[in-house]
Each structure stands twice: as structure tokens, then as C-alpha cells.
Amino acid sequence: MVQKLEALVETPSQTAGPYVHIGLMPTYAGNPGYYDQEVGTSPIAAGAKGEIIEISGEVFDGTGWALRDALLESWQADAAGKFAGQEGADPAVSGHCRFAADAVSGEFTLRTVKPGAVPARGGKMQAPHICLWIVARGINIGLQTRIYFDDEDNSADPVLARIEQKPRIDTLIARKVGDGKYRFDIRLQGDGETVFFDM
Amino acid sequence: MTNLGPLIPRNREIHPVAYDPDYKTSVARSPRLPLISMESTPGEETGPRFGHGLIGPLDNNLILNWTGGKAPAVGERVLMHGRVLDENARPVPNTLIEIWQANAGGRYRHKKDGYLAPLDPNFGGCGRTITDENGYYEFLTVRPGAYPWPNRGNDWRPMHIHVSIFGNSFGQRLISQMYFEGDPLIDRCPIAATIKDRGQLESLVAPLDINRSRPLDFLAYKFDIVLRGRRQTMFENKLEGM
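Protein sequence lines correspond, in order, to chains A and B.
According to the numbering used here, the residues represented by the first sequence are 15 to 213, in order.
According to the numbering used here, the residues represented by the second sequence are 1428 to 1669, in order.
These are calculated hints, taken from the structure and not from any lab test.
There's no promise every hint is true.
Said to hold, decoys possible - DEER-style ranges, computed between Cβ atoms:
no., chain 1, residue 1, chain 2, residue 2, range
1, B, Asp1644, A, Pro46, 28 to 36 Å
2, B, Asn1438, A, Glu178, 47 to 55 Å
3, A, Glu178, B, Gly1478, 40 to 48 Å
4, A, Thr55, B, Asn1438, 49 to 57 Å
5, A, Gly78, B, Val1501, 41 to 49 Å
6, A, Ala170, B, Leu1612, 48 to 56 Å
7, A, Gln179, B, Val1501, 51 to 59 Å
8, B, Arg1476, A, Gly137, 35 to 43 Å
9, B, Ala1516, A, Ala170, 34 to 42 Å
10, B, Gly1478, A, Gly47, 19 to 27 Å
11, B, Val1444, A, Gly47, 37 to 45 Å
12, A, Pro46, B, Arg1579, 32 to 40 Å
Claimed, not checked - Below, in silico cross-link-like pairs of lysine to any residue (SDA-like), each with a Cα-Cα straight-line distance of 25 Å or less:
no., chain 1, residue 1, chain 2, residue 2
13, A, Lys128, A, Ala93
14, B, Lys1623, A, Leu19
15, B, Lys1539, B, Ala1455
16, B, Lys1538, A, Gly120
C-beta: ideal position from N, C-alpha, C; glycine also.
Just chain B, same shape as in the assembly (with noise of 0.2 Å):
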């Protein structure tokens, strides 16, 4: 593996603050002190790989694959898909793209999650793909319902699905959720809330994509994923004292 150089420093500006009142449980999760920043090394310009061996056939179709294709879950039937390209717009192939969510009434399949609404038996709520080589993937899943949240007294996560990326080297990785255009909860939610920037919260919400459809069978959403690019070299690799 060739050494892929520095990357390009996280600008922290269009992520979360780490400390948001408004979010409860960040209030005593969030350090203090200000990170400590450095270029970037080897530990963090390299990263775990996966093959495509990995995935199972059904393991990017949440509607079929908690009952290995015996019987569909419930819901609103929804193609999620995209690409993941780098700050420098390349795309970024062969990674391994992992969502999770709750299922049509917003019940997670999880031993934590007592909420009301029912489990669905043909649904868990759990996907992996890897992306091919222009940097695409897809998933196949139902619409995860809004469900309530002990934050303040009447808050309600809206629809969205969590992803996680890995990109080709530890230093990208990164955990995001989805979000879907024009759901009026995400104006009311202070997890979204704590992505500061307007423009860069807009950017986790996917929009309908009428044209990615299949008619009389689902409706699509695409969501691109950007990760942390890296710095060209071609100055960088100078002889001492020249």
C-alpha cells in the first residue's frame, strides 16, 4: 500500500459543537479542553479494508434480510443511495458504507428501546454495503417512522437513518445520520440543531429522487457522502536542506 499522504485537516467549523445544552446527554459527554491538533500520520492516513467477500447478498435490502428473504417488512419502500467522493471530489470505492434505523413506527430492534410502538417481525433495521469502484452504493429499506426521545419534555427525533463510513483510512472515519426532505421535525431537533451552520445541516438531508424510482415499487432518496481528502504531495517530499 503506497503511502496516500496527509490529510487535509477536519475543518470543525460545519461540524457539531461537541457541547450543546439544548442536547442533554452532550452536556457531561463533551470534553472541556480543546483537542489537540497535528498533522496527521501513518495511525491515521491508513485504515482498515474490507472486501466485497464480506457482504452477504442480502445485507443492503433491509426489507428482506432480517428474515433471510422469507417475508417483507412493513413500511414505505425507499432506495437510498448515493456516492461517496472525497473533499477533493474523487470518489472513494471500496468502502464500507453500515446504516441502522428504526423501523415504520419508529421502534428500534434494540434491548435498550422500550418504546411503544411494536417491533416489526420482518425487520431489523440493519444494512452494509461496499461501494463499487465510481464510489456508488445503494440500500433497499423502509422509511424509519419519528419516534420520541427523553431530551426535553416533548422531543421527537425525525425520520433518518444512521451511517457510518469508513473511507480508506481511520482519520475519515465517520458517523452521520440521513435525514428526508421536507420532514418538519428536523427544525424542531436538537440533535440536527447541533450542527451550527444552516447550509451544513441542509447537506444530510436527502432529497427525493423521483428519476432513481422504480414506478409500482419503491421511491428513492439520494444522499452523497463527502470524506476528509488528502493534501497533494508533489512539493512535500524534499531532501534535507535543499
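This is chain A alone, in the form it adopts within the complex (with noise of 0.2 Å):
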């Protein structure tokens, strides 16, 4: 007998269903003054260094309606390319943000820093992005993608020399509509569909 893998099995993923803003966002379900200090509020504080930025958008279903549901989580450097508790980081950007999709509308908006390009592995530099990663009632593992920005020079980035239609690339890029203000949308399915990734 060959030896052992004494390797374990990662958890399976389950969908975070419609009640999902009960558990990670008390007062958006109604239930305000649940915790003291709810997670993921905002991924600044006053003082953070940088242009200050607002992200909209909506997340879009196979029939173009909007998600009334999903919950998004969105993790980033600050606007000098490092990530809190790495040497150097802003101390006003924990980085990481926590926000819905509006139970009316549908739209959702992330105000933040915008990052600055942080290195991939092997030293090449990655255009300025956001993680992030959108869950809800039907998405039954959390889809991983990035936002990028349409006044920044994206052509060397490696993640997005990855994919091999050129028109997709399109779909990560939030594009600026005003002073300091992108529009990003989601589309999970179909025409435009957004490039989703496993990292």
C-alpha cells in the first residue's frame, strides 16, 4: 500500500438563500441593534489616502431582471497598493466591504478608496481592481470576479491576458459616469455575461 494523503477535503459550498442579510447584515433585514459594530460597513475610514470613489450598479439574472437579494463582499488594497496589515498599509482602509443589492431597486453602491495596482506573483504588476464576491438565493457557490476601471491603463494586466475572447474583458471594467463615480453591473447569465473566476 502506498502511504496516506493526510490531506482533508475542503467544506462544500452551499447557497447563502434569501435570508442571508439576517446572519451578515442584521440592519438591512430589519433587525438594527442587533451587534454593536455590524461587519464590513464601510472599507474606509475618515482620513483614508486616495481618491474616494462610488461604485453602482445592479446584479443581473438569465432573464435581465435584477437580483432584489444578492449580497456582495468586496476586499482591496488601499490607494498605495497594499493590503491592511501588510507593512505600510493605510491604517484608515480595512480594505473590506460588505453591501446589497437594494430590496427595492436593485442597485447596489460600494463607496471606497480607489486601490492602487498591487504585484502578482513573480513581480508583474496587476492593473488596480477590486475583489469581488456575490452571493444570494439560487448561486449555490459564491462567484468570484474584479472590478476594474476605465481610466487606468488595464493592457498588461496577467488576470485579464487570461481570457481569451477580448470582448469579455469589457465586463470587469466599471466605467467612470461622472466625478468620482463608476457604474459596474453584474450580468450572471447570457448576453454581456460577466467573466466569474476560480483563484
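Could you use the hints to bring the two separately framed chains together as a complex?
Structure below.
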């Protein structure tokens, strides 16, 4: 007999379901005051260095209907490309945010600082981006995607370079729609389907 | 913070399929195109950290936390406990676990849940804790009831507790559900059945842990959680040209 591998198997995912907000965003679920401090209410505190931006959008299903029950989380570096906890990182940037599609309109807004470029493994620089994770009823395993910016140079980004069909890159790029304002729509399925990652 | 090394790629075969017609909502909410895979980058290898200072004294006690300790919730008193490990069997200490669930009658305290079973005025259904240095966690709660949902004509969710875990990197982020040993509804549930490998579904079913139960107080169920591990990097940081 060969030696036994001592590896464990990752716990399988299940959908977050329609009531995910009870657990992760109690105030949004209609239960304010549950916790003194809710998790991920803002990725930045007062005094964060860099450009403060707002990214708004919707998460559309395969019929073109915007999800009213999606929950999103973002994770990003500060304006200098440092993640919270790394040496020299901006102490006013936690980098993590939890936000929901509006229960009536389906629109979400992320108010944050524009991230700086971050190196990939091997030292190659990635274009500024925000990592995004989407869960909801009907989504059996959280979807990983990224927000890039149309006013940055994305031409040498190693992750975008992995996308064979070049028109699909556009699905990951937030459009500037005003001063410090961007639009980023997510399409789960069908025409213009957003690129999702396995990283 | 040191770079902790690349994450082991996810084995997608053990996870649920995205598209499963028996779970009707997944039909319009599942990508049709393949995921783009590549090695993890710092954005997946780092992640938010939460200090023990975040957690209030009753945050992991769902029997008492909705009323601030004034009155206990109705239902079977249950201790949910276990360890968080990674695929290399290393404990994951100091990581945030959040749970949410219905009350003993299967009713959620959410503005959108209109099920006819009543709310329990002493139960909110939300808890959180941070694992200790050995990756251990526990919650005291009441066992949630099964509840009907509009999927096929007569679908009922098994008793379950939703679980959300961070690990120490954003690429480990995971949400799942814990089921209870012996619940006959597990085998009829289209959401449980999105996991096609029966052995993997079993890993979401918590066994009764009579040894951890406290006589005349609560029953215990053990639910261990495994997150993605990291590849060893001993031979990976080679100089150019070597």
C-alpha cells in the first residue's frame, strides 16, 4: 500500500439563501441594533488617503431582472497598493466591505478608495482592481469576480490577459460616469455575461 | 503580514453545480460560461482580519442574544461546536464565523419571510464568534425547524444552520449550511442535492455529540469546517535563471 495522504477535503458550499442578510447585515434585514458593530459596513475610515469613489450597479439574472436579494463583499488594497495588515498599509483602509442590492430597486453602491496597483506572483504588476464575491439565493457557490477601471491602463494586467475572448474583458471594467463615480453592472448569465474566476 | 503562499486550487467536483433545474432559482442565476482559472494573487491570498474585540459577550449565544439576556428563546437547546481546519489539517485560529437560522418553528426574523409559523419574541437567529488559537468555536442555540419554500409543489428545507467563514484570505471565503444527523428531509432537499457527491454532502451533516452535551441543559452537535489550504513554497521562490 502507498502512503496515505493526510489532506482534508474543503467543506462544500451551499447557497446563502434568501435570508443571508439576517446573519451578515442585520440592520438591512430589519433587525437593527443586533450587534454593537456590524462587519464590513465601510472599507474606509475618515482620513483614508487617495481618491474616494462610488461604484454603483446591479446584478442581473439570465432574464435581465436585477436581483433584489444579492449580497456582495469586496476586498481591495489601499491607494498605494497595500492590503490591510501589510507593512506600511494605510491604517484608515480596512479594504473589506459588505453591501447589498437594494430590496426595491436592486441597485448597490460601494463607497471606497480607488486602489493602487498590486504585484502578482513573480512581480508582474496588476492593474488597479477590487476583488468581488457575490452570494445570493440560487447561487450555490459564491462567485468571484473583479472590478477594474476604464480610466486606468489595463493593457498589461496578467489576469485580464487570461481571457481569450477579448470582448469579455469589458465585463470587468467599471465605466466612469461622473466625478469619482463609476458604473459596474454584473450579468450572471447570457448576453454580456460577466467573467467569473476560479483563483 | 508575510505572504502566506498560493492557495491550493479549489476542487470544484466536491462543490455544488451552479446550474440545477431542481433548485429552480439557480436556473437563471448560474453562469453559462466556464470560470477563468489561474493561480491566486495577493487579492485572494490576503483577507480581512477581525479582532476578538468585535465580539460581544452574547454574540455566540442565540438563546439569549436577541433579548440581551432578559429571556430565553423557545426550542431544543443545542450546542453547535467544532474546529476550523485547512486542507493541510492545520487549525485556522482567530477567524470569524457567522451563523443565521430560523427559529424552532422554521420562521426567520427577516422582513421578507411571511411563513405562518410565528416569530419567537425572544429569538433573533443570528450569531458570530471568532475561533480560538486551536481553531475551535462554539455556539449555543435552539434547533431550527424545517420550513416550506416555493420551489417545486411541496418542498421543505431540512433543519439547517447557515454558516459563513472567512479564513485568513479572501479566496477561502465560504458560505455553507449545517444539517442535523438523522433528518429525513436531507434526502428530499433539492438544495442539498446540488452537491452531486453523496460523500461530500455527508460532510455537511453534523453528528449528535453526546459527550459534549451537558446533562439537563443542552445536546451538542459537532460541525468541523475545512477551508482551502496553501501550497508549500519551498522550491517556488527561485531566482531568475536557476
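Tell me the hint numbers this structure goes against, listed in increasing order.
The structure breaks hints 2, 4, 8; every other hint is satisfied.
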